[in-house]
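Please build the complete structure, drawing on both the sequences and the hints.
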Amino acid sequence: MGIEERSPRSLLQAASGRLARGELLQAEALCRQALKIRPTDGDALALLGRVLVAGGRSREAVEVFRQAVTLKRSSAELRYALGDALYRIGSLQEAEAAYRKALELQPGLLAARVGLGEVEAMLGRPEQAIAHWQTALRMDPGNVAAMVSLGSVLSMQGRHGQAIEHLRRAVQIDPRSPTAHQNLGVALSLQGRLDEAVAAFRAALRLRPNWAKAHSNLLFLLTYHLEDPAALYSAHLEYARLYADPLAAEIQPHRNDRRPDRKLKIAYISQDFRQHPVAIFIEPILKHHDRAQFEVFCYSDVAVPDATSERLQSLADHWIDVRGVNNRALAEMIRQEPIDILIDLTAHSNGGKRMGLLARKPAPVQVSYLGYAGTTGLGTVDWRITDVHIDPPGLTDAYNSERLARLPRTQWVYCPPQPCPDVGPLPARQRGFVTFGSANRLDKITSRVLRLWNQVLTAVPSARMSIKAHGLDDELTRKRIVEALAAGGVDAARIDLIGSSDFDGYLRYFNEVDIILDTYPFAGGTTSCHALWMGAPVVTRAGRTSVSRVGLSLLHNVALAELAGESDEQYVKIATELAGNLDHLAEIRASLRRRMQQSPLCDVAGFVGDLESAYRQMWHNWCKHGGASG
Numbered sequence: 002m003g004i005e006e007r008s009p010r011s012l013l014q015a016a017s018g019r020l021a022r023g024e025l026l027q028a029e030a031l032c033r034q035a036l037k038i039r040p041t042d043g044d045a046l047a048l049l050g051r052v053l054v055a056g057g058r059s060r061e062a063v064e065v066f067r068q069a070v071t072l073k074r075s076s077a078e079l080r081y082a083l084g085d086a087l088y089r090i091g092s093l094q095e096a097e098a099a100y101r102k103a104l105e106l107q108p109g110l111l112a113a114r115v116g117l118g119e120v121e122a123m124l125g126r127p128e129q130a131i132a133h134w135q136t137a138l139r140m141d142p143g144n145v146a147a148m149v150s151l152g153s154v155l156s157m158q159g160r161h162g163q164a165i166e167h168l169r170r171a172v173q174i175d176p177r178s179p180t181a182h183q184n185l186g187v188a189l190s191l192q193g194r195l196d197e198a199v200a201a202f203r204a205a206l207r208l209r210p211n212w213a214k215a216h217s218n219l220l221f222l223l224t225y226h227l228e229d230p231a232a233l234y235s236a237h238l239e240y241a242r243l244y245a246d247p248l249a250a251e252i253q254p255h256r257n258d259r260r261p262d263r264k265l266k267i268a269y270i271s272q273d274f275r276q277h278p279v280a281i282f283i284e285p286i287l288k289h290h291d292r293a294q295f296e297v298f299c300y301s302d303v304a305v306p307d308a309t310s311e312r313l314q315s316l317a318d319h320w321i322d323v324r325g326v327n328n329r330a331l332a333e334m335i336r337q338e339p340i341d342i343l344i345d346l347t348a349h350s351n352g353g354k355r356m357g358l359l360a361r362k363p364a365p366v367q368v369s370y371l372g373y374a375g376t377t378g379l380g381t382v383d384w385r386i387t388d389v390h391i392d393p394p395g396l397t398d399a400y401n402s403e404r405l406a407r408l409p410r411t412q413w414v415y416c417p418p419q420p421c422p423d424v425g426p427l428p429a430r431q432r433g434f435v436t437f438g439s440a441n442r443l444d445k446i447t448s449r450v451l452r453l454w455n456q457v458l459t460a461v462p463s464a465r466m467s468i469k470a471h472g473l474d475d476e477l478t479r480k481r482i483v484e485a486l487a488a489g490g491v492d493a494a495r496i497d498l499i500g501s502s503d504f505d506g507y508l509r510y511f512n513e514v515d516i517i518l519d520t521y522p523f524a525g526g527t528t529s530c531h532a533l534w535m536g537a538p539v540v541t542r543a544g545r546t547s548v549s550r551v552g553l554s555l556l557h558n559v560a561l562a563e564l565a566g567e568s569d570e571q572y573v574k575i576a577t578e579l580a581g582n583l584d585h586l587a588e589i590r591a592s593l594r595r596r597m598q599q600s601p602l603c604d605v606a607g608f609v610g611d612l613e614s615a616y617r618q619m620w621h622n623w624c625k626h627g628g629a630s631g
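Add 1 to a position in the sequence shown, counting from 1, and you land on the number used in my numbering.
These are computed hints drawn from the structure, not numbers from a lab.
From the three backbone atoms N, C-alpha and C, an ideal C-beta is built for every residue, glycine too.
Restraint-style ranges between C-beta atoms, simulated for each label pair:
id, residue 1, residue 2, range
1, Arg242, Ala98, 42 to 52 Å
2, Glu166, Glu128, 12 to 22 Å
3, Asp318, Pro393, 34 to 44 Å
4, Arg595, Arg242, 42 to 52 Å
5, Glu166, Arg39, 42 to 52 Å
Structure follows, in structure tokens:
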């Protein structure tokens with residue numbers, strides 16, 4: 002019997018089977034054939050919506066579910082499905098309304114309660130979200146989805162001990178849930194337990210081998226963990242082989258005007274056009290671009306825009322909200338513009354959401370910058386922006402799939418926060434002992450880093466260590482750090498652990514410490530800039546990976562390269578000697594803000610000029626050497 006002769010019921014049964022097997026095009030065709038026969042079939046619309054969501058076409062699914070809801074107004078399941086599709090495209094307020102209507106119709110629909118919690122969390126209402134998931138768990142103590150969501154938000158709040166407990170419980174109940182394993186990996190990494198986190202991510206990928214998001218998250222984690230650039234590069238190439246190379250057939254010829262010196266359309270794409278370190282560094286660039294030479298587009302993938310998003314939007318010539326737009330559709334939008342240079346500011350951060358876009362090469366020149374300190378692994382990304390200190394010629398070239406665009410002074414420009422506290426006097430002068438400090442994220446404070454700090458504290462027995470980080474209000478996290486340092490003979494009484502504060506409190510923290518000890522192999526970036534601005538010198542340990550050399554670059558730019566060691570022994574020696582010379586330490590503190598002001602780090606016009614020269618050189622290179630497909 003041909004499709005034309007089958008009943009709507011049999012067509013939908015066949016479509017459901019195709020969907021279960023992942024045969025989405027066939028499932029869609031069957032659903033549409035059923036709707037041709039019976040256009041007002043709510044079940045056919047509902048199934049078509051599910052097929053579209055599975056294919057990443059959530060915007061289309063929303064309209065289909067809306068039609069279905071008008072036909073089956075009393076269906077809680079359909080309201081939930083509509084809410085889920087709305088959530089996927091970032092229409093959070095509408096998703097919230099849909100979930101609430103589903104629960105009004107069917108209070109026991111746990112999927113809707115879990116989904117409502119997800120929306121509440123995204124809208125910045127974590128306590129309400131937690132309440133929804135706790136309600137779901139009271140109704141169904143084994144609900145893995147609620148456990149995973151609860152654990153993830155607790156982790157983001159810095160309540161790592163509770164988070165890991167819930168996520169381990171989820172894994173115990175459903176050991177075949179890749180999401181439970183992956184989210185456990187995230188929680189463990191945020192506590193600095195990288196070996197365990199890597200194992201959890203690998204478990205997730207064994208259960209779901211082609212999960213690009215989890216694989217990107219694993220790569221991001223490995224940049225915190227691996228010191229061998231060859232191993233790190235190999236891991237990124239494996240990602241490209243699995244997820245990017247199969248999309249090569251979708252690359253189309255670029256028809257961009259090849260005049261080398263014309264005005265160019267450049268586009269930045271990011272999930273971090275919001276209150277985030279990336280925004281700190283991209284804002285002065287957007288503000289100072291030469292509009293006679295560049296037309297500036299921003300493709301915003303921000304889930305929940307904020308005041309920073311609004312400010313950045315005002316600085317762009319064109320601001321395009323691409324939440325919920327899948328990579329294939331977005332690639333077509335970029336080709337149609339057409340964009341000349343596409344600069345990705347995220348790469349494998351945040352789950353590598355737009356790696357599939359870059360793999361389709363919608364722009365003739367594609368660049369990786371700011372949000373990811375290392376190679377993407379993708380052959381379709383032409384350049385990675387760095388500087389001569391982070392990636393000196395010959396050191397890391399062999400470990401990047403991109404060509405390195407080395408800026409001559411610094412890879413970024415820093416605009417100091419306003420208002421900002423004054424630099425305080427040297428604390429050691431008043432206290433009689435040196436205080437080492439760190440304000441980096443906990444996922445950078447690994448067992449490797451703690452062993453290194455242990456050596457410093459052992460070499461300077463009168464010194465104290467002060468660590469400030471989101472998550473240090475969590476008792477189990479505090480215990481992990483204290484025990485790790487105590488294992489090397491450092492008395493717990495010498496360790497001060499400080500949790501979250503407002504931004505002013507964070508800046509004032511640097512007035513309470515004498516020397517910042519950088520993390521390794523993932524060095525501080527934004528945090529080190531703030532520390533230097535507040536007069537706290539940073540001792541860093543430069544390695545062979547790009548991400549380990551960020552501190553070295555910052556120190557070169559404020560004429561303090563002698564504070565960068567190339568080995569553990571040098572790092573300890575530099576910190577020890579600096580702690581033993583309070584006069585020199587006080588001199589550095591008194592001069593650091595002036596050094597920053599006069600350095601390339603704060604030379605906005607000069608930096609943007611360097612960056613624009615790099616863009617122009619990239620364009621000239623494509624005009625001269627780009628092939629038929631770019």
